[in-house]
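2 protein chains.
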Amino acid sequence: MSLHDEMIEMGDRAVRAARELAGLTTRKKNSILEAMAEEMDSRRAEIHEENEKDLAAGKEAGLSAALLDRLELTDARIDAMIKGLRDVAVLKDPVGTKITRWMRPNGLEIVKTRVPIGVIAIIYESRPNVTADATALCFKTSNAVILRGGREAIHSNRVIADILQAGGARKGLPDHSIQLVTTTDRDAVRELVQMVGRVDLAIPRGGEGLINAVSTMARVPVIKHYKGICHTYIDDSAELEMAVQVAENAKCQRPGVCNAMETLLVHADIASTFLPQFAQRMQARGVELRGDEATRQVLPDIAAATDADWEAEYLDLILAIRVVGHVDEAIDHINTYGSHHSDAIVSETEAHQKRFTQRVDSATVYVNASTRFTDGAEFGMGAEIGISTDKLHARGPMGLEELTTYKFVVAGDGQIRE
Amino acid sequence: MSLHDEMIEMGDRAVRAARELAGLTTRKKNSILEAMAEEMDSRRAEIHEENEKDLAAGKEAGLSAALLDRLELTDARIDAMIKGLRDVAVLKDPVGTKITRWMRPNGLEIVKTRVPIGVIAIIYESRPNVTADATALCFKTSNAVILRGGREAIHSNRVIADILQAGGARKGLPDHSIQLVTTTDRDAVRELVQMVGRVDLAIPRGGEGLINAVSTMARVPVIKHYKGICHTYIDDSAELEMAVQVAENAKCQRPGVCNAMETLLVHADIASTFLPQFAQRMQARGVELRGDEATRQVLPDIAAATDADWEAEYLDLILAIRVVGHVDEAIDHINTYGSHHSDAIVSETEAHQKRFTQRVDSATVYVNASTRFTDGAEFGMGAEIGISTDKLHARGPMGLEELTTYKFVVAGDGQIRE
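If you read the protein sequences in the order shown, they are chains L and Z.
Quick note on the working numbering: the first sequence kicks off at 662 and runs consecutively.
Quick note on the working numbering: the second sequence kicks off at 662 and runs consecutively.
Any given hint might turn out to be false.
As the list makes no split between identical chains, a pair holds if one copy fits it or if it spans any two.
No more than 25 Å apart at the CA atoms, straight line, and that leaves these computed lysine to any residue pairs for SDA-like [to be verified]:
#: 1; residue 1: K885; residue 2: E949
#: 2; residue 1: K885; residue 2: D754
#: 3; residue 1: K689; residue 2: V918
#: 4; residue 1: K888; residue 2: E974
Just so you know, these hints were derived from the structure itself, not from any lab.
All of these numbers come straight from a predicted model, not from anything done at the bench.
Bound-form chain L, shown alone (with noise of 0.2 Å):
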């Protein structure tokens, strides 16, 4: 069978299993969930006996240490597979909620009803976590997964997948609700996100190039966790303490991850008090600081910044900083240089504080807080997906409702339309 007809056979039964998943009540989904966690719990020796596979073919491939990181399962990941999966059970299921419910004047009752969303296939890259985690979410919002991990980690991805199905069986699990593209051909990739009509929507999830591919090959609904270049902009009236400490923290309580500071604006007018005592504080967290002019008028000592530091995502405790006239030159360089992520504003002027969230087009908007937050559990979603930085259907930290769609169920008596 060529690889065309394996993944429309593949679609297709996800599509089946959609629809037995559709059917299924909370109660049973959480102890499907139950089931799995138990099945893992039961079977890591296999676990480690695959991942060690991965982990010898890559060095032998000569991956990356980080890389080689990713992809191993110790038992405190195998051990956060398991807690993720009972963790998703304990979760408001939000599949066959009310979302609005209104009578016409005919009689006609219209119930937005929010219902799965159908075939979600999650394209991924080294972390085989990642078939558990995604798997977990995607069942507790009843919809069919196709799972398509790294190449480097198959033989983890395989047992894992094989554990979730297994599991799951024992409770009633409908076939095919769980499927893994074994293939390690690339064009299945392709072929995935090409199914119109039988892939709802993909997700990709990894690195700028990975999402990249899939966004220009997709013809299916994508939906983006694209990288976070956040800012946090310091006003003339902003509290220095404050201003000092939201912003270390946006940039060094963990600079990797894709809500930390990569940029810091600072007003003409406050820059001579604050920047000397952030720089200080930068300093002892050894991080590096590159500024735009006015800046170094401040900081002669820094290095400076140029067009390329504005868009970079550092992920590393390098900052960039730039002294800006006004709130608004503050908003337009967010808009402009920023990557609609976090961004945030320090004052006690109300009026720039609104203008600055009205007006900066990013998914989350901060006003006298850390852009760290944003994150599905310090939101109180919940297990989060990921965060999206896409404007359409899911915008921010994406939960199990954002796992779901809507549709209008309409009971009569008889109405027709005159």
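Chain L is fixed; fit chain Z onto it per the hints.
Then chain Z, alone, in the frame of chain L:
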């Protein structure tokens, strides 16, 4: 300047306009809509003059009578455009609405706030009134719009766009909020729907060919308003007279539209009582019936339906009929051959109603009512930009709310992440 650069520049202008639009109050937007309506009323002669040019060119080019009819702007159609602008002014403005609001234990306030999408590209065919209708909806939701109409309506579209701009400008419409692509170069559409970062959403309005072309070329998100292959399923427990009336209405009340019924499914146990009565009614209405074998056992005089009939959107007084053995068979048929638009069950059995509404994967599912109600006005949503057959972001009638997205506005007093 190359077409590519021209379109990029147009996109940049739209992005800047969108930022201004995001700051307009509802009152201001409504006064702009009123000014547009007044401007249009005062420039009727000009509209007729330009429309005449399109009609003359169309006749010369040998356009069909149907196309010429769509192209023509009669006084009644100009009245309808003017009324449309005023009707949209009256609708509730969704922008700025707080969708949900919650506090976190650390004191952060999170407000999920409705905001404009940004820049919307509308790609349409021969009806020039779309220029005004689509603009009104996009503008009311503070979106910048880039319009690309059919080449055969270029003079009409130009004058309408000019009227909207000029009228709006008198009341402070930001520059470039409404831009019309005036080149008739076909490549402009490709450029338009590939401007990631400048166009946030493309909505094609027209026939299957246009929608397919746009979807295939697009790199930006597309919401499709696709065809309607709508079904009515008559369950064994249906009330006979209600079933006849609902099915008749779904087929005959306006057969040329997307929410009209194209296929009727009938439970085997009720076929011999329902079908003769219904066929008589269809004969009186001049509807041609085509049935499967079981149907033709009851109605031997009708033509045989082939597989092509199950996939046909007749938009005409033709109806395909199939007898099924069970509600599940009806559901399967609809999910296999339908277009996920609008489908109805006529049944007195609650379990069947529930199974149908849960499992039929369509934007709108009806119990004991005609499919003809799928419509923004009939739903009480006011004007609609179309009826989405997609699953993400907007499904079913797409009104003002569906032309918005959301952002999270998070307010604190110095919160940092531990």
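Status of the hints after comparison with the structure:
Proximity of K885 to E949 under the C-alpha cut-off of 25 Å is found in neither arrangement, the shortest distances being 30 Å within a copy and 48 Å between copies. In this assembly of identical chains, K885 and D754 lie within 25 Å of each other by CA distance solely inside one copy; the values are 24 Å within and 29 Å between copies. Taking identical chains as interchangeable, the C-alpha atoms of K689 and V918 are never at most 25 Å apart, the minima being 36 Å within one chain and 41 Å between chains. Proximity of K888 to E974 under the C-alpha cut-off of 25 Å is restricted to the intra-copy arrangement: shortest distance 7 Å within a copy versus 43 Å between copies.
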